[in-house]
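Colleague: Residue numbers for the sequence shown follow our numbering, beginning at 15 and rising by one.
Think of the hints as simulated: they come from the structure by calculation, not from any bench. Yeah, the Cβ is synthetic: ideal placement off N, Cα and C, and Gly gets one too. A few of these clues could be false.
The calculated BS3-like cross-link candidates involving lysine-lysine, where the alpha carbons are at most 30 Å apart (straight line), are [said to hold, decoys possible]:
#, residue 1, residue 2
1, Lys133, Lys151
2, Lys171, Lys133
3, Lys151, Lys74
4, Lys125, Lys111
5, Lys134, Lys171
6, Lys134, Lys151
7, Lys83, Lys29
8, Lys111, Lys127
Each pair of labels, with its calculated beta carbon distance range [unchecked claim]:
#, residue 1, residue 2, range
9, Gln177, Thr86, 30 to 36 Å
10, Lys145, Ile56, 51 to 57 Å
11, Glu131, Asp70, 24 to 30 Å
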Amino acid sequence: MFSVILQNTIHSVEKTDDSFLVNQNPIAWDLKWIGDRNIHLIRGNESIEAELISFDQETKTLEIRLGHKTATLLLKDRFDILLEQMGMNAAGSGAIKNIKAPMPGLILDLKVKAGDEVKKGDVVLILEAMKMENIIKSPGDGIVKEVKVSLKQSVEKNQVLIQF
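Take the sequences, apply the hints, and build the full model.
Modeller: So this is what it looks like as structure tokens:
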């Protein structure tokens with residue numbers, strides 16, 4: 015399953031063996047590729063040509079032309095959705111507000127303090143959960159405003175650990 019955001023509306027999309035479900039409703043379209051970036055869609059008596067204009071893998075954004083209209087789609091797979099639910103939205107603009115605990119655990123190591131500048135991907139702390147060490151990295155660039163936890167402190171899921 016994945017979700018597609020079109021004009022600020024979220025649609026859940028799921029592929030079954032022989033069709034697609036959009037918001038739990040089956041889509042009865044006939045698709046025919048007419049080029050490497052072009053598809054011909056037939057739905058009932060309606061015929062539409064779609065063209066892929068651009069695809070940005072990093073942001074998972076598609077720009078497509080449907081007939082004479084252009085639309086931008088933001089795709090989120092099950093991992094993006096899971097990260098969002100855990101408060102670790104990876105598809106951000108680079109500006110971050112806080113880092114939350116993805117699961118209950120124990121703070122083993124703090125790599126930053128208030129005033130430190132971090133870049134996307136920098137290790138900010140190590141969280142032990144279920145006898146495994148989890149390296150928590152910064153999802154974007156920022157300056158640490160406050161570290162809300164201390165060494166050997168137990169934390170709960172979604173607890174704010176670091177504020178920016």
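Colleague: Could you run down the list of hints and mark each one as holding or not?
Modeller: To see whether the hints hold, each was checked on the structure:
1. Lys133 - Lys151: holds (9 Å)
2. Lys171 - Lys133: holds (24 Å)
3. Lys151 - Lys74: holds (21 Å)
4. Lys125 - Lys111: The given pair, whose Cα atoms are some 18 Å apart, holds under the 30 Å limit.
5. Lys134 - Lys171: Roughly 22 Å between the alpha carbons, so the hint for lysine 134 and lysine 171 holds.
6. Lys134 - Lys151: Answer holds: lysine 134 to lysine 151 is near 8 Å, not above 30 Å.
7. Lys83 - Lys29: holds (25 Å)
8. Lys111 - Lys127: Holds - the C-alpha atoms of lysine 127 and lysine 111 are around 15 Å apart, at most 30 Å.
9. Gln177 - Thr86: 30 to 36 Å: holds (32 Å)
10. Lys145 - Ile56: 51 to 57 Å: This hint holds: roughly 55 Å between Cβ atoms.
11. Glu131 - Asp70: 24 to 30 Å: Holds - the Cβ-Cβ distance for glutamate 131 and aspartate 70, about 27 Å, lies within 24 to 30 Å.
Consistency with the previously given hints is maintained throughout, with no hint failing.
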